[in-house]
Structures are given as C-alpha cells and as structure tokens.
Amino acid sequence: MTDRTAPSSRVPIARRKNSLRLWWRRKSTIAFAMTLPLLLIVVALVLYPSLYAFYLATLNKSMERFVGLGNFAFLFKRETFWMVVRQSIVFALSAVIFKALIGLIVAHLVHNVPAKGQRKWRGMLLIPWVIPPAMSTLAWLWLFDPSYSAFNWLLERAGGSAVPWLGDPYWARFAVILVNVWFGAPFFMIMYLAALKSVPEQLYEAASIDGANAWQKLWFITLPMMHNIIAITVLFSLIVTFANFDIVRVLTNGGPVDQTHVFATWAFRIGIESNDIPLGACVSLFMFPILALAAIFILRDVNQRTTEG
Amino acid sequence: MAQVTLRGLTKVFDQTPVVRGIDLEIADEEFVVLVGPSGCGKSTTLRMIAGLEDITGGDILIDGERVNDVPPKDRNIAMVFQNYALYPHMTVFENMSFGLRLRKVPKPQIQARVEHAARILDIQELLQRKPKQLSGGQRQRVAMGRAIVRDPKVFLFDEPLSNLDAKLRVQMRTEIKRVHQKVRTTTVYVTHDQVEAMTLADRVVVMNAGSIEQVGAPNDLYHAPATRFVAGFIGSPAMNFLPCALEETAGALRVRLGAEISFGVPEERIQRYRPYVGRAALVFGLRPEHILERRAHLERQQQVFEVPLDVTEPMGMETLVHFLVDGVEVCGRVSPNAGAQGGQRMQLVADLDHMHLIDDTSGKVL
Amino acid sequence: MTAATLPTNMPRTLSGSMQRDRRRALVWSYVFLIVFVIFFLTPPVYMLITSLKTSAEISAASTPWWVFAPTLANYAEILTSPAYLTFFRNSALVSLLVVSITMLVSIPAAFALSRMRFWGSATLATGVFLTYLIPDTLLFIPLFKIFAFLHDWTGIEFINHWWVLVIIYPTLTVPFCTWIMIGYFSSIPKELDEAALIDGASYLQLLTRIFIPVALPGIIAATIFAFTVSWAQFLYPMAFTTSTDQLVLPVGIVTTLIKGDVFNWGQIMTGALLGAAPPLIIYAFLMDYYIAGLTAGATKG
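Protein chains in written order, with our numbering: chain A, 1 to 309; chain B, 1001 to 1366; chain C, 2001 to 2301.
The hints are simulated quantities; they were obtained by calculation from the structure and are not laboratory data. Incorrect hints may have been included.
Mimicking EDC-like on lysine to aspartate or glutamate, the simulated pairs with C-alpha atoms at most 16 Å apart in a straight line are [as the list claims (entries may be wrong)]: (1) Lys217/A - Glu205/A; (2) Lys1153/B - Asp1014/B; (3) Lys1182/B - Asp1151/B; (4) Lys1107/B - Asp1122/B; (5) Lys1167/B - Asp1151/B; (6) Lys61/A - Glu205/A; (7) Lys120/A - Asp2288/C; (8) Lys1073/B - Asp2021/C; (9) Lys1073/B - Glu205/A; (10) Lys1153/B - Glu1094/B; (11) Lys217/A - Glu1094/B; (12) Lys1182/B - Asp1122/B; (13) Lys116/A - Asp1151/B; (14) Lys1177/B - Glu1159/B; (15) Lys116/A - Asp2021/C.
These stretches of chain C come out as covered by chain A in the derived footprint (C-beta under 8 Å, 3 or more residues) [stated by the list, open to error]: (16) 2033–2046; (17) 2065–2076; (18) 2084–2097; (19) 2134–2146; (20) 2149–2157; (21) 2195–2201; (22) 2211–2222.
Note that CB positions come from ideal geometry on N, CA and C, so glycine has one too.
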C-alpha cells in the first residue's frame, strides 16, 4: 500500500482515498473491526484486572507502599488461611466428584426411559440449575434453620435427633457441599445425556452379540466414548466450584468460625468488608494455579484436536 | 452343526405386522440370502434371529434348541452390521478380540485366533490401527474378522455392502464368498440388491411385505419364479410384463399382446395353460435376454416380430432396445452389431421357451 | 456357552425373559428417577409452600411441609413494597441492557471468527475462551480498585450505581455467547456464503440477511444464557452496590429482607421465588433453547 505511506505531494488525492477505502473494505480489516469490541472488553475488563491483581497484592493495606511478597508471607502464617485452602480444595474436589457421578447416573436413568417421556423428566431435573443460586440457597438456608429446619422436623418424627446443620463445622461443610451438588448436578446430567445420545445404538448391539452385559457395555463402550465430555465438564466444574461465592456467602458466610470459608468468600470478607484491598487481592490470586492447570489441559486438548482432525 | 429353523415367525410393531409368519429351514453350512425391497421385513427377521428384536410370535431354533428367550450373547452368533459398528476407541486387534476378552479366553488363544482371522481377510498390517484410520472396505473386513474370531454357529450379515461404492462392492462380494468357502459357517445374509443375492447365495429367500414369496437356488428363481413379484425382482434389466389374452384356435394356443403381435404357445405348455383361455387379467412375462435380434437360423421356439424401436442403449457387449407394445414399454437385448437404431423398425425374435404366464389377480406364475 | 445347555421344553411365552428383564429395569429407572426428582425439587417446592404461609403459621411450626391456611399476603406485600420493586426494576434494566450489549458484541465477533479467516483468528478464539475461565471471584477486587481509581480520575461515581454492572457483566456473558455463536455459525454450510457473495452481498448483508436468520436458534439460546447469567449474578453487585435503591434482586433480597435476628421467612421465600421467576418462566417456555445454549459450548467446542 505504497500510496498511503509515500510522500503525498505527487499522488493525486482521489487515488489515495480509493486505496484507503480499499483497505477498509478488506476482509481482514472488517473482520478485525468486528472482533474489536470483544477484544476490548476482554482486555480491559478481564486481562488487565487480573494482572493488576498481581500488582495490588504487593501493596500494603493503605496502598501506598510496595511490600513485595509481604502479604503472601502474612497469609502463610495465618491459620485461617490454611483452613481456607483446605476447605476450598476439599469442597471443590468432593462437590465435583459427586456432581459428575450423580449427573452420570441420572443421565443414564433418563436415557433409559422411552424417548417420548424423557423431555418432562429432563425438564424437572434441570430446575435447580435454572434458579439463581442466591435464591435457591436462601431456600436451603431456611431448610437448615436451627429452630425451624424442615429436615430436622422429619428426622425427629422418624426417631432421630435434630442436626445442627449450619452450627456445627462438619455439618456446615457438608451442607455447603450438598447445596453445591444439588445446584450443579443437573448441568452434568444434561451434558452427559447429550453425550449418551451420541453413542450409536449399533455399538451396543454389536457388544450384545459379542457377549457384553450392561456393566461391561458401560465400562468398555459408554465411558470411553464419553471420555472427552467427562474431561471437559469436570475441568470446567473444578474451576467454577473452586471459585464459588454465592452458596457459601448466603448459607454460612464462611462460618461457623471461618470453617466454611473458601477463597472467594474470604477474599470478599478481607477485601471489601474489611477494606484491605491488597490482602484481598492476594487471597483471590490463589485461584490462579488451578486456572493455569486447566489452561494447560485445554490447550493440550485443542492442540490434539487440530493435529488429529 | 448349526441349522437355523424359523417356525411361524411373526413380528408386530405398534399394531403393524412387519413379519407375517415365516417358515424357513436353513441347513448347516448353507449361505442363505434374504432379499427384498425396503420394508419387506428381512432386516427385522435377521435381528430376531440375532436376538436384537423381541419375537411377537413363532419360534426360532438354532441347532434344534428354541432360542426365543436367549439373549444375543448366549446364542453363539456373530453379526456384521451395515455401518460396521466398530468400536472407535479400540484398535483393530482390540475390536476383533473384544468378544473373546469378555469371555476370559486366555491371551495366547486370543492372539492366535485374531491372527488366523486376520490372515483369512488379509488385514494383518492393520491390527494396531484405529477404525477411523481405515477405508470403508478395510472396516468391513475388520467387521467380518470380528465375526470370524468368535467362531460362531451362525454368521448374520445386515446389508454389509450398502455403504460401499459400486466397485468396492463387487470386490467385497467375491471376498465374502471366498471367506465362506474357507470358513464354512451357516450364514444368513440380508440385502436389497438381487445381484448380491444371486451371486452369493446357496439359496435365495425373496421376501415382500413381511412374507416369503419364494425360496430356492438362484437359478431356480431365475428360471422358474413362482410369483410375479419374484419374476420382476430377480434379473436385471427386469422382466417385461405385458397384459395379454390367451386364445385358442384349432387346438393351438396363442398369446395375443396387442393388435399387431401374437405368439404361439410352445406345445409342452398347451395342456397347462388351456384352462386359462379367455381369462381376464393375464400377464405375459419375458426377460429382455430372451428378446434378441433376428438371426439367419431360428431356434426352436424363437418367433419373429417387427416393431419400431423407441430408444437404444449401447452397453458395449450388447445393446438394449426399448420399444412399445400397446403403450407398454418393453426391453430387449440385442447384439451390438445388429444395427439397432432408435426410431427405425427392426425385426426381433422372442424365445417363447422362456415365457411366463401370470394370473394377475393372484400374482402367481402359471 | 453352547445352545446345548438350554432346556428344550420351555413353555411357550410371547414375552421372553429378555422383555421381562427390560421391564424390570425400566421400573427401577422410574423409581430412582422419582427419588432424584424429589431431591431436586424439594427446595423450590418448599419455597412455594413457605411463601403461602402467614408468619403465625410458620412460627407455630405445625408441619413445615404443608400449608393449612394459605395466604397471598406475602405476595401482596412484596409486590407492593417499593424496595422490592426497585430491585426488580434494577435487575430488569441491567439484564436487558447487558443482553443487548452482549448480542451486539458477540454476533459480529463470532461471525468474524468463524467465517472470515484472518490472521490469528484461531488463536484469538481460543484465547477468548481461555479468558472465560478467569472467574469473577478473581476479578472483583482489582475491578473495585480500578473503578475507585476511575472515580478519582473522572469524577464519575462508578461504585454504588447499578449501571456499573452493565459495564462489568458483559465479561461474563460475551465470551461464552461468542463461543456458542461460533458453533452455530460454523455449522452453516459454506455454500450459503458463496451463493450470497456471488449474488452481490457485502459481508454485513451476509451477516444480517443470512446468518442471523439461519442461526436464530443459536441466537435465542445465547440471549437466554446472557439474560440468566445477568439476572442471577451475585458477587459483582454485592461488591459494587450498597445503597438500597441501587441493589439488584439477588443482593436486595439477601441483604434487606434479612433484618437483624428476626427473619420473616414467609416474605423471604416469596421474594426469592419471585426473584427466581423470570429465569424459570423463560425456561418453561423455551426449555429447548435453554438447554441448547448449555450444551452448545461443550459439544460443539
């Protein structure tokens, strides 16, 4: 495009305008322009803040001094921090495992039902996912209420004793995981149902003839063919569950005695409620390792796909 | 020993009968082909033999034992599917050995059996590949290999060549025949292609709308079809059918096909056809290969007639000639040098020795 | 296992043992399905039951699982409460604006990334997808500081105004919606483009007259997704809005209805149920699109 960059004196203006218009019309320019808003949003509101978080974590509480890794050192000495680490990991791992299992089981159940009826079962089973988690967690809060818990009412009627769902640390953790599993399992179910339907029926027929019973069909055919989607959903869910805020905040707000805090809620407590932004940023940065791990897996998978296909 | 017997086999789907009481005896080592148009019930019958479909009525016996309630894996059968149904995440070796692995056959035996089958099908180099790396023909071989390895009593084939291109289909046909000669297992083969049926089968079972029209060796079906359906289904190009009238004059019968054309019925058949003189709804059937160009020397029952030709199709080794008789299109096969030309009149001979007379109300060949 | 081991004189039955096994399996499937449905639907059903109770009935604690004197008083109170209506209005405004912005950004971007192969489009698509993984819980603190900083710099008050959410929410919706749209656009056959281009269409016309109509199901799915995410968002509004008149529904209900030690559960449940109503209603009518939006991401990706 020499017309634009060359000294302008000799080149007639009409020609310059033309080539500018041509450049504007070029496919790659238009394409780039179309993706620009997306890029701006992502760079300005996602990438920049994430990097900024690293910087913030290195400042002192009033954000005037640079303290390097001081905040991190401070955290590592706090017992609460290690509790939060443990809680976040246990919470994420157990919730995801149960969500995947329940999702797989329920997907199989729905898949077994004759096709005409599947729709209404699917419809009912997905409802937990549709309700905003903050709202449904309020329902659970009420269900676990120390004085009026509907579950305790049933337990006492059945001869057992009331459970301090949110008062006892172990029960509280159980409650948080339970609500998370309740909320997330439908998502897994829907994904796995779609995957189950994509396995050709004839493979199962061939396996029948080869001599496989139902468990063997599951193990040798269904699971290997669903291997990809299982990996994707588990990976996604690990990230999302690890970073979960809504459920813990509404149900226990980290209590009792910080025993159900996860990174997100603790970061909120420190950063927003106690107004210590750098320390809060520091806490929330601990979600980064799992993100990096996930990114590696995804990139590897994308690479594999492009070299195979 | 692996005979298969179907007794009054019936299948009803949602109030619609799909297979209506089929009786069939298949002998040990026999290659039987179920052939017919789509929807005739041939695949359903095969799947009932396999145990993949429930039986509404009747019995299936394998080696004299009633297997109606036996699940597929205990029937000792193997099946080759139209879409191969190879396990995509397993190698060829694992695909072929899957059934054996499930039955806990010891590894050295598995190895030996897979290699043996691979040698028969010439796929030894493919054993470590995955299905998606194979061509259609190779996949079909692997599917057959998987069946052979099981050493079953019966092989079941469900339109295995339909997904292959024409050339490959011809190759695989001979392949299947060769394998059958080597392995000698009772085979039930389903196809809609009558050429496959004729070339592969010991006996052909022609099915239509859930019932068997005729069972017989390929040549028998060709020369002596029992019904109009079979007569029109077997053979390509298809048999010519013309409405006709049967007349008797002075002890000889003539078949009248229209104002201008009539043929004398061969003497041996006069007795057989006489009761139908003057009957309505009679159809005259003659295959295109029995309508030839007139040559110097006429064979016994070759009768001459002349018609204006409509269209000719030069096929290289012969020329197909199309003409109209009373508005019905007729096809004949003449020598390429006979000078057949569309739009010109030509003298042809019909070999009445091979004529068929059909009662159109019952569909039966008389 | 040879056929010779089978008994030869089994009684003739029309339904074989295979059918019986299958029927038994089906019955058990239904049993377990009912168990799971009970598990999944208990909270929303309980919300409904509680919302129809008076405070008196709740504290009487006769039985939590049934309403004896149902009343719509809670609903009346909530629906006429100015605070609640403000929450609803804020949520609606934010969600609608965010959906519009999301669609305006995602559709062209998806079109460009899926159809117009330009240098780096593949890496860009993957990169965008990766940034979607960065959770809001990592970004809310730096964003808080950034907005505080912008306030000092420009004098515009970002914090504690509902419209700041309109700026932030697209980070949650745009990447995934773009991903969904890329999937749908990619499934449109190339011949359609070529025919249109030969007919003289420009790229913009190609987009508006061909792609959008043909990919409409995907657009609807993406719109539903964007709306649901915006409506249900909790963390960002918790962090960025504090005054009652600026709150959106989820935060409003959680923070204002729970006053001190006395919880008016009847009203809380009513508020929560009404707050869950818009996504539920959309789901009831457009369930297939809803599900398509979910599964599109993973299965097409």
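List of violated hint numbers, smallest to largest | When the structure is compared with the hints, numbers 2, 4, 5, 6, 10, 13, 15, 17, 18, 20, 21, 22 turn out to be violated.
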